[in-house]
Amino acid sequence: MLGHLIRLTAFAILFIACNAHALGADEAKAIASGEADARIEALNKAVATADDKTAAFLQALSDDAVKVAGSRVFIVRDEKGVDPVSGAEFAVPEDAEDVINNNRMRGELDSALAALKLFSKDEKTRIAAIKQLQSDADETKLPLIEKAFAAEQNAQIKEQLGLVRAAALLNSADKAKRLEAAARLSTSTQANTKTVLLARLALETEPDVKYALQNTLRQVEASLAWGDRLGAIFSGISLGSILLLVALGLAITYGLMGVINMAHGELMMIGAYATYVVQALFQKYLPGAFDWYLLASVPVAFLASALMGAALERSVIRFLYGRPLETLLATWGISLMLQQLVRSFFGAQNVGVENPSWMSGGVQVLGNLSLPFNRLVIVGFAVFVLLAVAWLIGRTRLGLFVRGVTQNRPIAACMGVNTARIDTYAFALGSGIAGLAGCALSQVGNVGPDLGQGYIVDSFMVVVLGGVGQLAGTVYAAMGLGILNKFLEGWTGAVLAKIAVLVFIIIFIQKRPQGIFAMKGRSAEA
Amino acid sequence: MMSNPLPAKGPLLSRTGWSAFIVALIVVCAVAPALNLLVPKDSLFHLSDYGVALVGKIMCYAICALAMDLIWGYTGILSLGHGVFFALGGYAMGMYLMRQIGLEGNYKSNLPDFMVFLDWKTLPWHWTFSDSFVATLFLVVAVPGLVAFVFGYFAFRSRIKGVYFSIITQAMTFAAMLLFFRNETGFGGNNGFTDFKRILNIPIATPSMRMLLFVMTGVTLLAFFLLARWLVAAKFGRVLQAVRDAETRVMFSGYSPLGYKLTIWTISAMMCGVAGALYVPQVGIINPSEMSPANSIEIAIWAAVGGRASLIGPIVGAFIVNGAKSWLTVAYPEFWLYFLGALFIGVTLFLPDGVVGLIRKLKGNKA
Chain A
1 MLGHLIRLTA
11 FAILFIACNA
21 HALGADEAKA
31 IASGEADARI
41 EALNKAVATA
51 DDKTAAFLQA
61 LSDDAVKVAG
71 SRVFIVRDEK
81 GVDPVSGAEF
91 AVPEDAEDVI
101 NNNRMRGELD
111 SALAALKLFS
121 KDEKTRIAAI
131 KQLQSDADET
141 KLPLIEKAFA
151 AEQNAQIKEQ
161 LGLVRAAALL
171 NSADKAKRLE
181 AAARLSTSTQ
191 ANTKTVLLAR
201 LALETEPDVK
211 YALQNTLRQV
221 EASLAWGDRL
231 GAIFSGISLG
241 SILLLVALGL
251 AITYGLMGVI
261 NMAHGELMMI
271 GAYATYVVQA
281 LFQKYLPGAF
291 DWYLLASVPV
301 AFLASALMGA
311 ALERSVIRFL
321 YGRPLETLLA
331 TWGISLMLQQ
341 LVRSFFGAQN
351 VGVENPSWMS
361 GGVQVLGNLS
371 LPFNRLVIVG
381 FAVFVLLAVA
391 WLIGRTRLGL
401 FVRGVTQNRP
411 IAACMGVNTA
421 RIDTYAFALG
431 SGIAGLAGCA
441 LSQVGNVGPD
451 LGQGYIVDSF
461 MVVVLGGVGQ
471 LAGTVYAAMG
481 LGILNKFLEG
491 WTGAVLAKIA
501 VLVFIIIFIQ
511 KRPQGIFAMK
521 GRSAEA
Chain B
1001 MMSNPLPAKG
1011 PLLSRTGWSA
1021 FIVALIVVCA
1031 VAPALNLLVP
1041 KDSLFHLSDY
1051 GVALVGKIMC
1061 YAICALAMDL
1071 IWGYTGILSL
1081 GHGVFFALGG
1091 YAMGMYLMRQ
1101 IGLEGNYKSN
1111 LPDFMVFLDW
1121 KTLPWHWTFS
1131 DSFVATLFLV
1141 VAVPGLVAFV
1151 FGYFAFRSRI
1161 KGVYFSIITQ
1171 AMTFAAMLLF
1181 FRNETGFGGN
1191 NGFTDFKRIL
1201 NIPIATPSMR
1211 MLLFVMTGVT
1221 LLAFFLLARW
1231 LVAAKFGRVL
1241 QAVRDAETRV
1251 MFSGYSPLGY
1261 KLTIWTISAM
1271 MCGVAGALYV
1281 PQVGIINPSE
1291 MSPANSIEIA
1301 IWAAVGGRAS
1311 LIGPIVGAFI
1321 VNGAKSWLTV
1331 AYPEFWLYFL
1341 GALFIGVTLF
1351 LPDGVVGLIR
1361 KLKGNKA
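These protein sequences, in sequence, are chains A and B.
Sequential numbering of the first sequence, starting at 1, is according to the working numbering.
Sequential numbering of the second sequence, starting at 1001, is according to the working numbering.
So here's chain A without its partners, still in its complex pose (with noise of 0.2 Å):
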């Protein structure tokens, strides 16, 4: 209710600077009742000439909310009848009936309620309704969005309105219309616009007109291919970023230490729903705040995790040193318990984490290319925890110890390092970064209790593919995988590219069965 409120509010404001003529009771009946043509006739010639009275009724009229008596129409709200033209109350009659719009009907009204939309005063509406008048103009809008393009302000919304215009030329009986519009259009660079062009080449009859629309959809789409491989080039950088969060936690578990961890998914779900967990608690007592809980629950994230690996680390893995195959049994059982403990606390459904207000939207880029400010922010989360794990592990005494446990054990001992500390401190190392991972996938994807299941497998893949015990490995692996995956989903869809990876991996160790990096000496055959 609070939602048409707004709408209705919005029209009001919106038409004050429209000069037109008030919407008449027979027009009302016109578009409300009878054959589908004629009220798709009536409906264009309102739209033409319309004011707010016009918007409310087609507002409600695609809300369902109009009902026809007789020669009378009411826009029924809340049970009250209100009369569309005078806007006084009315009682609706026992014996009206429901309009029903049938799909034809409700395009045209969407199209309708979206020229008229041109004239809103927020910008954002007005690209909106922009972009669906790209793909559904038609020569009846023309009158309105000639006024929204004599009346805009901002050069780059009237750039975009030149474009519908030309669009909604490319349908006109004129010839010469058609061939302006067709020049106009070659400089678009949105998708919708190729739409309208090979709808209109479909129906051309005239061999110049032809002629000029061909050109045009070349051009237009020589500008949507780079649009496309850039796409696919930053989706796949996108989802790299997440194998290599996901996977740097497993370099560090496997590739440094050996352990093969098959619970790294959970301590990833553990990090997600610490995330939700601060979410909820900012929610209550610091709403004031709340854009900023996602910077609070990175660390929380990490030590929930970090605690959760320590523990595990010191209260089983620690005995089974040396037998991975074993490992591999025992962690999956952790696996599994963990998930019903999420299960029992927090219930089998997907729980809610919202994106922070400036995660959402995104930079357009090209016309066809706008990327996400939270697909942004985890490419950069990524490399600043690849930058942070590189710097501890390289630079840092505890990760000179890590290092020298993983190359010789003994002698680091006699050293008088307490290989068991580092053993338990590089675990939760690696089990924290996990929790950043679920932190981060927690603003992309959903959190549920088998979040961790569906990223085992492909962090194994990266850990494999890029070689036991090098991060930059790790790096290249998880890039390459990301992008290899999209471009191969633009091609053969989401769930053959997946397979067509595993499969290429599965060939890949055949030829370096050490990974893209192999190690080299002694530690190698280890």
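Just so you know, the hints here were simulated from the structure itself, not pulled from any lab data.
Remember, predicted model here, so these are calculated numbers, not experimental data.
There could be a bad hint or two in this list.
Calculated lysine-lysine pairs in the DSSO-like style (CA-CA distance at most 30 Å, straight line) [stated by the list, open to error]:
#1 B:K1361 / A:K498
#2 A:K175 / A:K158
#3 A:K511 / B:K1161
#4 A:K511 / A:K498
#5 B:K1057 / B:K1197
#6 A:K80 / A:K131
Please arrange chain B on chain A, whose structure you already have, making use of the hints.
Frame of chain A; chain B shown alone:
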């Protein structure tokens, strides 16, 4: 790693072993059918239909566990992909059963319902042999065997072993599951095959048919047990155990492990395929979730609970775990995963030789 003594050379089974085997055979072929079909329903000794279905199902699982034991317990290769071979056998049988439905599907078409739904006009090529029972019996063994042979050849040739091999088999399972979930691969998508009506033109849902399948499963299990016993006790089996314990030394002694590993891997996959083919008509459904990685890894825990590297162990393990599962998932559904998880951890930490190993140890202490 494992310190099981090699079985002494001699008869296939000891005297007590043979008598136990014959008792088991009699129970499966005579006692169980009699208790189910002849004893009146209200009698204390009546074996319910539910019981028959449950035990029949678990015997199929036991075949898988036995196959897993051959490859994991005796050769030291942990497969996380045996669910695929099980499901392939099941799908081969399922295709035949789908064709046996004939014109009685919901759409009264000669094609299986899901194909009508997808608006297909003819059978896809891989359904060519699905009308023939004999061909189906061949496919049940040949398809899992071929897949295993090709996969194993490439994996073992490039000496992928240990955890690498396990992870790759898991990836294979995952890929196969995704593939079978697709509608256009022609295996019924995520609904799989169900609503079977007949096998060899005999209605499938009658008590005597159910009992026949039960007996066949039991006999197959016992036959596979003998086969496994024979394989393990022969020189072939000794080389396998040597590969498990010190593969490099086996190679230095002049053996090529490739042939040995590949043979046992393929045999193990074929056994799973047979188990799947026996499973589908009893359970009445096969769908891609049988290929989920979780199912394959569960087979490993059956073998581990009962005791690896002892042939009776996996069978016992399959009965213990699945018995507990069918009870717990009904009585305390929320505790089943805790129990299963704890079983994974507890067995690996405290019972490396499983229940059978524990019993042996207790006996050894007494003596």
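Quick rundown of the hints versus the structure:
1. B:K1361 / A:K498: With Cα atoms ~48 Å apart, K1361 of chain B and K498 of chain A exceed 30 Å; violated.
2. A:K175 / A:K158: Measuring from Cα to Cα gives roughly 25 Å; hence the hint holds.
3. A:K511 / B:K1161: Judged against 30 Å, a Cα distance of about 14 Å means the pair holds.
4. A:K511 / A:K498: holds, 20 Å
5. B:K1057 / B:K1197: holds, 19 Å
6. A:K80 / A:K131: violated, 35 Å
Comparing the model with each numbered hint stated earlier shows that hints 1, 6 do not hold.
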